[in-house]
Amino acid sequence: MEKLIRILTELHPDVDFATAQDLIDDGVLDSLDIVSLVSQIDSEFDVTIPAEEIVPENFNSAKALFDLITRLDEE
Amino acid sequence: MQFTSYSFIAFLAILFAAYFLSPKRWQWVTLLVGSYVFYAFAGLDCLVFILFTTLSSYVISRLMESALKRENDYVAANRDAMSKEERKAYRARAKKKRFHILLWGLVLNFGILAVLKYTGFAVYNINSVVSLFGGKGFSIPSLLLPMGISFYTFQTMGYLIDVYRAKVTPERNIAKLALFVSFFPQLVQGPISRFGDLGAQLTAPHKFNGKTFTFGLQRILWGYFKKLVIADRVLTAMTTMLDDPAGYDGAYVLLLIIVYSIQIYADFTGGIDITIGIAEAMGIKLTENFDHPFSSKSTKEYWRRWHITMGSWFRDYIFMPISVTRPMMKLNKAMAGKFGRVAASKTVAYIASGVTWFVTGLWHGAAWNFIVWGMLNCLVIIVSEALEPAYKKFHDRFPKLTASAVYGKFMSVRTFLLMGVIRSLDCYGDVGLTFRLWGSMLTFKGFGAIVTGGIFDLGLTAADWLIVLCGIAVVYFVSRASARASVRERLYDRPIMSAALCGLMFIAIIMLGAYGFGYDASGFIYGDRF
Amino acid sequence: MKKRIIITVCAILAVAVILGLLQALVVPKYTSNAEGLLTGEYYAEAEGHDVIFVGDCEVYESFIPAVLWEKYGISSYVRGNAQQLTWQSYYILEDTFRYETPKAVVFNVLALKYGEPQKEEYNRMTVDGMKWSPSKIGAISSSMTEEESFIDYVFPLLRFHSRITALEADDFKYIFSSKKVTHSGYLMQKGIDPMVGDAPTDGREELDYTLPETSMEYLEKMRELCAENGTELILVKSPTNSWAYWWHDEWDEQVREYAEEKGLAYYNFIPETEAIGIDYSTDTYDKGVHLNVYGAEKMTDYFGRILAENHGLAELSHSEETTSAWQERLDAYYKDRNS
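Residue numbers (the working numbering), protein chains in the order written: chain A, 1 to 75; chain B, 1 to 530; chain C, 1 to 339.
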């Protein structure tokens, strides 16, 4: 989780990702950010996020994203 | 049958009556029959193509469904026997198999679209190359382009991909799937719906509801107002200028850009209002396609607000999948080592954007101007993305200025003009000509002529322009009011006011609309092209 | 809920009334071009006629009912319009029989040459003035050009709404009434614009001189309609023959054959121009395309004798009402002619 927050903060230093919700719906993260995230998660967590998991629900908060990573790792 | 034809109004009246008089469980059949009747008006030979898309998608989706079921059954049965790695490997293999089934569906359907829509363009380009070597080239075949094929193909392929991604349960009843593919209001110009949003709604029973029915009719009325009073009226000025683009250079180019922006906005959002209104009257909620696009402060924002369902289709089914493909991931990793992670992932995103915008351009039309249009949009987005740090510095430096309303307006106007300039590629068609005209715009040649009466020589009288301006004012204020809260919802509690406004709107459309004998019946821009 | 329904119904009624008024305002009043008012004026005197003329401009510029009454005591009305097509003449005749049964119907044959609707404008001028009846529906359906819609005739507002930005004083003046422009269907033209040079002796080259099937079909329908009502159908061709509307010998031949076959009288007045006494230096207002009032008076006199002598229309008896009505019309005619 800390690793994830660090990646996110690198993208947008001015956002407090530990508490922020609705990152997609509020327009904090755009599609370019998501591509960055997916590739960094791929290298940092060794988890490939497939295109079908790229939906607002999975990216709206750091926690949702972390849950996604965990789930994909387990499956 | 165009939305603005008398026969369409009659068709709609009959359909609404039939829909609500049908037994609840057969309502969707009424809708299906209605959709096919509507489609048949465009020509019976078109039906073959939409039937093929329906049938092939049905088969492919069912095949993928059973493959997924086998896969899940196998994993469930052998859960304990397999290690995590084995399970992952099995899943990956099975997914690949399903992907091959999907690929058949995509190749077949996009193949038809490509052949019908792009053969002419391909031959044209081959001929250009051949002529470089002194060859004669081939004759360009004239192929039938079935109505709405771009829209229904994309909507249906979205469905197939969603089935592959196990996001939706495939439809077991082919007739119900046929309705999703052919639902008539959105056939001509979208919006492109997702099966997850629309599928169940289409086939569910809908009791007549006075409120939603009224709301639907109001929305339809609003759409006709935009379309008939504004869009079709200014169309004359556009065609006048486009008949002789080189003659209307300089300041006229700017005029055309503004007029076209108004025209396409009124035409396209009006058409979508009619579409959504028709569905709403029957209790079906379609996805919104526009969200105050001309208030956007940046190109990126503009594309989140304009033609939303198309943008999100390209994002979810082209941009994202490309971004996360193996080669892209590899490229990303390779670059991350040398240039840093941020630069690497940005590069990936830019490449994916480029491809996506190329395809978007091609989707809009089989011609170079549309491809250039797509690439320019991409360029603007990438440049502004790259300049983000500089903007940020500027904003930090002048917080008061950049937070002010005037600066906000400035950004909206800038985006409006920038998008308008790029969009003018649609009208001029020829890329070289467009570039020359953009150049001439800087000279402001003809500005004097326009303001000293030239504007009245474009086929619109002073009264016509006045009607257009009043229409725009109405749209502007309604649009601003609706940004805060639903106008219809607020009016609903004041029935007399609501009835009076609707009556006025109806009278305004009848009296001030540019329709009927003497006006060229003009289709919706998006409907014409597809 | 009930309240909402009442409000909705009221709103619909209010909108209908407003649109009705606006329609009355925007439909053309034809004050500068009277040709759009011809059909409608009939209904004010739709009874007691011995003869009804139907056809195109050549009837309403060649035959003057007032003169026919004055000289021969024949009560008549001209139901003609600019480029009134054969099927329009048929439906107008059908419409006429709903009000009265004349002894004779005179049809001018020039329009037989058109087998298809020509111009929306002319359609509207001919048909819009008709009162609603199955005949009007027939007239509309058979006359529409490809770009027209039936509903535009039901609600002329849909056709003429764009005139809202081009209204003139007359649109307000004649919102609920219209200007009276004819003398029993005769549209008076007093100007003189002589024909230049001799009358042309040859027409334009046309490839096929066969009269269109559609118009001959409606001519036959007209004949049947008259026969059913015991009315005699007389065919005429007005004496004018200009480059603009040349009457070819081949057409003449076909009409003559048809008339003979069906036992109808057919008078082609072109060769009788001299006998009638028409002088194209004084008797035309537009270089010989149409007759002016002086030419039409001669023509009417000439034709009146034929009607009286050959068709049993001499010494007809009329009611006192008819006689006094004609006296008024005659006064109005001369007042207009000599003003």
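Hints in this document: simulated from the structure, not taken from any laboratory.
Any given hint could turn out to be false.
Interface residues of chain B toward chain C, partial, derived using beta-carbon atoms under 10 Å [stated by the list, open to error]:
| id | residue |
| --- | --- |
| 1 | Ala251 |
| 2 | Leu254 |
| 3 | Ser498 |
| 4 | Gly513 |
| 5 | Phe517 |
For glycine and all other residues, C-beta sits at the position ideal for the given N, C-alpha and C.
Unsatisfied constraints (hint numbers, rising): When the structure is compared with the hints, numbers 1, 2 turn out to be violated.
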